[in-house]
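**Student:** Going down the list, the sequences are from chains W, D and C.
Position one of the first sequence corresponds to residue 1 (the working numbering), numbered consecutively onward.
Position one of the second sequence corresponds to residue 1 (the working numbering), numbered consecutively onward.
Position one of the third sequence corresponds to residue 1 (the working numbering), numbered consecutively onward.
It cannot be assumed that every hint is accurate.
Claimed, not checked - Cut-off 30 Å, straight-line C-alpha distance, at most; resulting in silico cross-link-like pairs (DSBU-like, lysine-lysine):
| hint | chain 1 | residue 1 | chain 2 | residue 2 |
| --- | --- | --- | --- | --- |
| 1 | C | Lys46 | D | Lys65 |
| 2 | W | Lys30 | D | Lys30 |
| 3 | W | Lys65 | D | Lys65 |
| 4 | D | Lys46 | D | Lys59 |
Stated by the list, open to error - Among chain C residues calculated to face chain W with C-beta under 7 Å, some are:
| hint | residue |
| --- | --- |
| 5 | Leu11 |
| 6 | Asp13 |
| 7 | Arg18 |
| 8 | Ala19 |
| 9 | Thr22 |
| 10 | Thr24 |
| 11 | Leu28 |
| 12 | Leu29 |
| 13 | Met32 |
| 14 | Leu33 |
| 15 | Glu52 |
| 16 | Val91 |
| 17 | Pro132 |
| 18 | Gly133 |
Hints were generated in silico from the structure; no laboratory data involved.
This structure is a prediction, so every number in the text was calculated from the model and none was measured.
For each residue, glycine too, the CB sits at the ideal point set by N, CA and C.
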Amino acid sequence: RRGEMAKSTQLIDNEVFRAYATYTAIVLLKMMLMSLITAYFRITRKAFVNPEDTASFGKGESAKKYLRTDPDVERVRRGHLNDLENIVPFVGIGLLYALSGPELSTALLHFRIFAGARILHTFAYLIPLPQPGRGLSWAVGYSVTFSMAYKVLKTAWLL
Amino acid sequence: RRGEMAKSTQLIDNEVFRAYATYTAIVLLKMMLMSLITAYFRITRKAFVNPEDTASFGKGESAKKYLRTDPDVERVRRGHLNDLENIVPFVGIGLLYALSGPELSTALLHFRIFAGARILHTFAYLIPLPQPGRGLSWAVGYSVTFSMAYKVLKTAWLL
Amino acid sequence: RRGEMAKSTQLIDNEVFRAYATYTAIVLLKMMLMSLITAYFRITRKAFVNPEDTASFGKGESAKKYLRTDPDVERVRRGHLNDLENIVPFVGIGLLYALSGPELSTALLHFRIFAGARILHTFAYLIPLPQPGRGLSWAVGYSVTFSMAYKVLKTAWLL
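Pulled out of the complex, with its shape left as it was, chain W reads as follows (with noise of 0.2 Å):
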């Protein structure tokens, strides 16, 4: 048994395996945070969704009125579901590009970029800035995954 668990766990002992798995694990938290900064506005704002959430704030009409959209709870949503549909691609591309025997210094380049455009993302979601600010760190996260997948199917491409 031991021998077996040895060779499976040696994926973990790849330099370019743990890059993946450092900057997926980090990606990945900073998609979670997204949850409590929506919570957070939702308590500060009293703007929820559920009629089950506002019960604390009293019965019938005193608590409904709480049942209400916000702009900075909408704002934070819209950046989450971003990050639901970039860092999906990431996780699962990266995953097969870490597998694919890319250079350490050129997958550690991929992993630095994407991280850093998705956390300028959030930054420049939640303040806002003012556009291409957004747009670019958008468009330079898209193209690393591209450039992640291109390398993918030229290395396994079965169809």
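Assemble chains D and C onto chain W, guided by the hints.
**Tutor:** Showing chains D and C alone in chain W's frame:
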């Protein structure tokens, strides 16, 4: 080629990886179930969003009245989106965690608590249960993913 | 170090894993394409959601009128969300399936049908095709993922 194939399928022989595979399949199937529940409520409540989905109810105004939102449909959809926001990080970070060489018992504890919390979260959302039922089940799943991310970063850290 | 790297990149030498990598990259790229189509419709229909995105159209009321929803934009966004809900389970369960030692021909059958069904689903959603076109293509992709999950649970089951 035989040898290669044997080597690359050995991950599934590792007990921690088998546990990860089992719980990941379970929570992803649970998430997929939300699509069926949404379809069930859309059909029984006659609440659709695409004009082409109401064509079987007749033409013009008689069909148009079914293009509407329904509280039960929206509730399931919010539960589905919450699953995406929380199960995606579990699947991504959980894979890296399973490859970071944890004890089987520790890994099973993480996976079991996460799966249990997400199943409870779905019941709390759909029944709905009074708060803090849904909030607590969400927080437990969130904390488990956070704990796995900590182990991944401690083991793999390469920035 | 050489030896380690060779070992950890061997997954990509396995034919089933190469097929998984190819089809996963294809469906994730297809999902990413939805962002570009959304941007295309937002710009051509002049329908935006963030005030900072309309700043180039002038100030005050003249820009505010472009903060609106557009049926074509909303349609692409629904298609994108449906991709997330269905492609995420495929990527997660498909990886475990590829590692569970299926026959290459069986695996290819699963991957090809899923990718074909999701490409059809996008056309059915965006054209749009009359039902049950979109419904059937959705159900085919869903069933393929379910079939792979069954194989994963049968092979890996450790609760």
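**Student:** Work down the list of hints and note, for each, if the structure agrees.
**Tutor:** Hints, verified against the model:
The suggested pairing of C:Lys46 with D:Lys65 holds, with an alpha-carbon distance near 28 Å, which does not exceed 30 Å. Between W:Lys30 and D:Lys30, the direct Cα distance comes to roughly 24 Å. Compliance with the 30 Å bound is thereby established for this hinted pair. As the CA atoms of W:Lys65 and D:Lys65 are separated by approximately 27 Å, the hinted pair is consistent with the 30 Å bound. Under the criterion of a C-alpha separation no larger than 30 Å, the hint pairing D:Lys46 with D:Lys59 is consistent with the structure, at around 15 Å.
Interface restraint check: C:Leu11 against chain W, minimum CB-CB distance 5 Å, threshold 7 Å, status holds. A cut of 7 Å between beta carbons decides the hint on C:Asp13: the least distance to chain W is about 9 Å, and the hint is violated. Checking C:Arg18 against chain W by beta carbon gives a least distance of about 4 Å; that is within 7 Å, so the hint holds. At a threshold of 7 Å, the smallest CB-CB gap from C:Ala19 to chain W is about 5 Å, leaving the interface hint in force.
Interface restraint check: C:Thr22 against chain W, minimum CB-CB distance 5 Å, threshold 7 Å, status holds. Against a cut-off of 7 Å between C-beta atoms, the interface hint on C:Thr24 holds, since the closest Cβ of chain W lies about 6 Å away. Hint on C:Leu28 holds. Least Cβ distance to chain W is approximately 4 Å, under the 7 Å limit. Taking 7 Å as the C-beta cut-off, the interface hint given for C:Leu29 holds, the closest approach to chain W being about 6 Å.
Interface restraint check: C:Met32 against chain W, minimum CB-CB distance 5 Å, threshold 7 Å, status holds. Here the hint on C:Leu33 is broken, as its CB sits about 11 Å from the closest CB of chain W, past 7 Å. Hint status for C:Glu52: holds, given a least beta-carbon distance of 5 Å to chain W, under 7 Å. The interface hint given for C:Val91 is met, as the beta carbon of that residue sits about 5 Å from the closest beta carbon of chain W, less than 7 Å.
Here the hint on C:Pro132 is broken, as its CB sits about 27 Å from the closest CB of chain W, past 7 Å. This hint is violated: C:Gly133 has a C-beta 24 Å from the nearest C-beta of chain W, more than the 7 Å allowed.
Violation of the numbered hints given earlier is confined to hints 6, 14, 17, 18; the remaining hints are satisfied by the structure.
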